[in-house]
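Participant: What follows is the residue order along each chain.
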Amino acid sequence: MPDLDLAPLQSELKRFIPLGRSGLLPALHAAQKLYGWLPEPVAAEVARALQVPLADVHGVIEFYSLFYNRPVGRRMIRICTDAVCQLKGGDEILSHLCAHHGIQPGGTALQSDTTIEASPCLGLCEHAPAGMVDAEAETNINLRTDYYELGRPRSRVYGVLRLLTENCGFGPTPLASYGEYAAFKKALSMTPAQVVDEIKASGLVGRGGAAFPTGIKWEGAAKAEGAPKYVVCNADESEPGTFKDRVLLLDDPHRTLEGMLIAGYAIGASRGYIYLRGEYPYVQPVLEEAMAEAQVAGLLGEDILGSGFSFDIEIRLGAGAYICGEETALFESIEGKRGFPRVKPPFPTTYGLFGKPTVINNVETLCNVPSIIGKGAAEYRRVGTEKSPGPKLFCLSGDVTRPGLYEVPFGVTLRELLDMAGGVAGGKSLRAVLFGGAAGAFATPAHLGVKLTFEDLRTAGLPLGSGVVMVFDETRDLRQTLDRLGHFFAHESCGKCYPCQMGTQRQKEILHRLAEGRSLPGDGERLQDVGWTMTDSSLCGLGQTAASAVLSAMKEFPELFVADGK
Amino acid sequence: MADEITLSMDSKAVSVPAGSTLLEAGQAAGSPIPTICWHEATTSNGLCRMCVVEVEGQRVLQPACIVKAAEGMKVQTGSERVVRARRTILEMLASTMDLSESPEILSMMDEYGASAERFPEAERRESPVLDDNPMYVRDYSKCLLCWRCVQVCAEDAQYTYAINFTGRGFETQIGTFFDRTIPETTCVLCGQCVGVCPTGALKPKREYLLEHGLSPQDITVLSSGRKRKAADRR
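Chains D and U, in that order, give the protein sequences.
Heads up, the first sequence is in the numbering used here, so the first residue is 1 and it goes up one at a time.
Heads up, the second sequence is in the numbering used here, so the first residue is 1001 and it goes up one at a time.
Bound-form chain U, shown alone:
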């Protein structure tokens, strides 16, 4: 395999190291390609399809985060088909979940002229906030199923396997064994899932409490108060 690969991105010749993805080629060519589920620390699964591009000779659009650049490949990163797919995916997301803490996605919506009201009478994925452990809070109404938390909890980092999926299709959600609370699972509170969450669906408990108007002093009193009570009982 040659060390350098030359391909055409939006009619512009660009050379990238062999093994580069089209995402990286887009970066090199000055045609940045948008992503949602992609993260440098997790295995790319091609879920969100925001990074789809049109590759000459391919029947369907290709996910740039996975497809490798090949010699002589001709890629369109902003064709009509590509733009329709991206805009519609964004509109469907907005009709499905709470994007209020996803500023990157909201700015993509502006960029693609995506309307949050495109799908009236649409069923949304809503669920109550789960506050069941001392470290983080889970609000799956804000979850866009990027899978990163499940991946870092498993083979991508921690090998803890505390969380997986529940349901199927539109009803899919992240969940524990029979909806057990986090302390009842194998979770070691490593926090890596919180670190990779792109939408505020997973949030450090302290951040959550501060946002809800508690002062740092309040939080200290609350947490030490619990310890005192425990000590009193002994």
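The shape of chain D in the complex, shown without the other chains:
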């Protein structure tokens, strides 16, 4: 790198210096924008400016898929080859593009200065097959007709309710249409404890996958010793098949911001973070615009509406790591570290971001908050069931007639949900539904009558997860899907604890043999041992659910796992 001019970097880095180590990911993003990748002198300059050890900076670059310490093209094309896009021809698109540019996946075509890679799920599943070109989504790609859409993905919003998705489907909703945070204003007239009580009374539980009662979480952080406190919005939506948070943030950003403000008031926090997944860069300007509107309207910043309550929000962009959706790994990432999940307890409510009491909620969870406070818990509970109150978003994808985001009350059956989406595409019959996400479980036609509530799903052995309903028709070979799931978890394991670090790799190898029809005697038992060892003994939720879909497939479709793979 003889001609590398570090001057532009040095001036760019000035704004990250006050953040210290916490500024590492934003600084690396900014550096990569300048140079296209992160050569050694650039990484060293970032380390020097932020006073982070060189080896640590390198460790961080190596951890995140979207940081490159090797030269890549000025144009970056990522084609999703995960489960849903695989069904829709993602592999063929990747090979076609690579052949066209005369390169292998991961390679760079010098003439066009273009790198093409296979990517894990990009959260564009209702527009599969999909990819990204630099910071733009490339959706509904059709090789035959040479059709594709480039830019912010359109929203496809359906279902029987319009509570969470009231403003979705028409592009970003400005503050003027959303309304000036009536629920937040109402919260300001209540005591923080009353706000927490209202959320508790609503029965709201987290929508990110863990289903923890939101009110209890808020109460814990409100009562915890220590200051400052933080509110973190988990927008690191990366569960394959999930795209609900993308739609909520793109079309109705103010709902999330208002939810964060109410949370901040309830727990006594004056600072919030939105951790946005690195593959949603096109969401960032929408959020920034909404924050600017709120600032101008006096709804964000110092002494809001003369209440004495102050609140600021900072957006943090991830850099390609599914594990950062795990709450403690997300904190580590904001702190400028590799996204290793922490040992719990202590829990985030007492020891969260920067070791301070923190409430971390998923986007959809926060979007429920304004309507709970605005209408009151009792009114909110009129939707859904006694034990699963409220509206729920489901992400339908795969072999379904109308893929998209569906808002329904808890309590509709899986059959009703599929019928709303026009049933299995092409009039075929249903083979299976991957329910809850890659970390979910397979449902069969026998599960169609199951009511979609926490209590009924638990009985049926199906995790609600992040609301994924990935549909497979009768012609699909689920071994190909299992192969992708195995690859996904091996790619995304952080490598911290042994069961997951090695188990996801061994699981991938066995599933790959299965998909290629060359299983070895004993592979079934190996899958069980590896699967249960990960489930039982992994450190975090990633490892504990990395075998969930595989173990459920072994239960529901044992015929797929006979030794000769036939």
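Note that these hints are calculated values from the structure, not bench results.
The model shown is predicted, which means the values in this text are computed figures rather than measured ones.
Check the hints yourself; a few may be wrong.
[Said to hold, decoys possible] Calculated pairs, DSBU-like style, for lysine-lysine (alpha carbon to alpha carbon, straight line, at most 35 Å):
1) D/K185 to D/K387
2) U/K1074 to D/K223
3) D/K200 to U/K1074
4) D/K14 to D/K356
5) D/K344 to U/K1068
6) U/K1074 to D/K387
7) D/K337 to U/K1068
8) D/K337 to D/K200
9) D/K200 to D/K223
10) U/K1012 to D/K344
11) U/K1068 to D/K223
12) D/K344 to D/K387
13) D/K185 to D/K223
14) U/K1203 to D/K344
15) D/K356 to D/K337
16) D/K186 to D/K200
17) U/K1074 to D/K344
18) D/K375 to D/K200
19) D/K428 to D/K451
20) U/K1205 to D/K337
21) D/K356 to D/K200
22) D/K337 to U/K1203
23) U/K1068 to D/K387
24) D/K356 to D/K387
25) D/K223 to D/K186
26) U/K1074 to D/K555
27) U/K1068 to D/K200
28) U/K1068 to D/K356
29) U/K1074 to D/K356
[Stated by the list, open to error] One side only, chain U facing chain D, incomplete, derived with CB under 8 Å:
30) G1046
31) I1066
32) R1084
33) A1085
34) M1092
35) T1096
36) A1162
37) G1167
38) T1172
For each residue, glycine too, the CB sits at the ideal point set by N, CA and C.
Assemble the complex: chain D is given as a structure, and chain U must be docked to it using the hints.
Facilitator: Chain U alone, transformed into the frame defined by chain D:
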């Protein structure tokens, strides 16, 4: 908090001082719990999960090196689930790395009936021996990622930060900034990483040379020879 805590380890009541881990409680109860990554001088991170035990009322197995004993807790240190996890972890280790200089782990494999050939066609973590400094040799084919070296190089002891991680998941390895040689890093050759390495992945240079058939005299000649040459050049 009471000074003494009474809990049940394998159906046997045992009292331990408040603040004890289940690992310590196991020791006290005569149910020793195996460990790999745990070391008295480093922060416990619960990585290897060999010390997992079954605690009544907990959905998943718990790492004994971290979880504190609590009054009335009921712990099983050798249940079927525990044994399956430990055996499978050992089998995965054997299919991944070179355990030839890890006698403790090899004897654990015997104890748990773990087969080194359990995972055929498995990708192994292999890397060339790195001999780039006068003090120690690095053979990451033998590294089981216990993190101790990274920890003692950082806040657990030395605050030198010469090494960190490269890669992610199965591809994780210990490494320096852009794979620089040790003399090009902040390493002060304190040797603490070598001292805590459980598998021979980090080894004193002299031990390495002796193992490779050099005599103490050979080594003396080699090292003083370099000095003489340097003196001649002056």
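Participant: For each hint given before, does the structure comply? Return the numbers of the non-compliant ones in rising order.
Facilitator: Going through the list in order, the structure violates no hint and respects every one.
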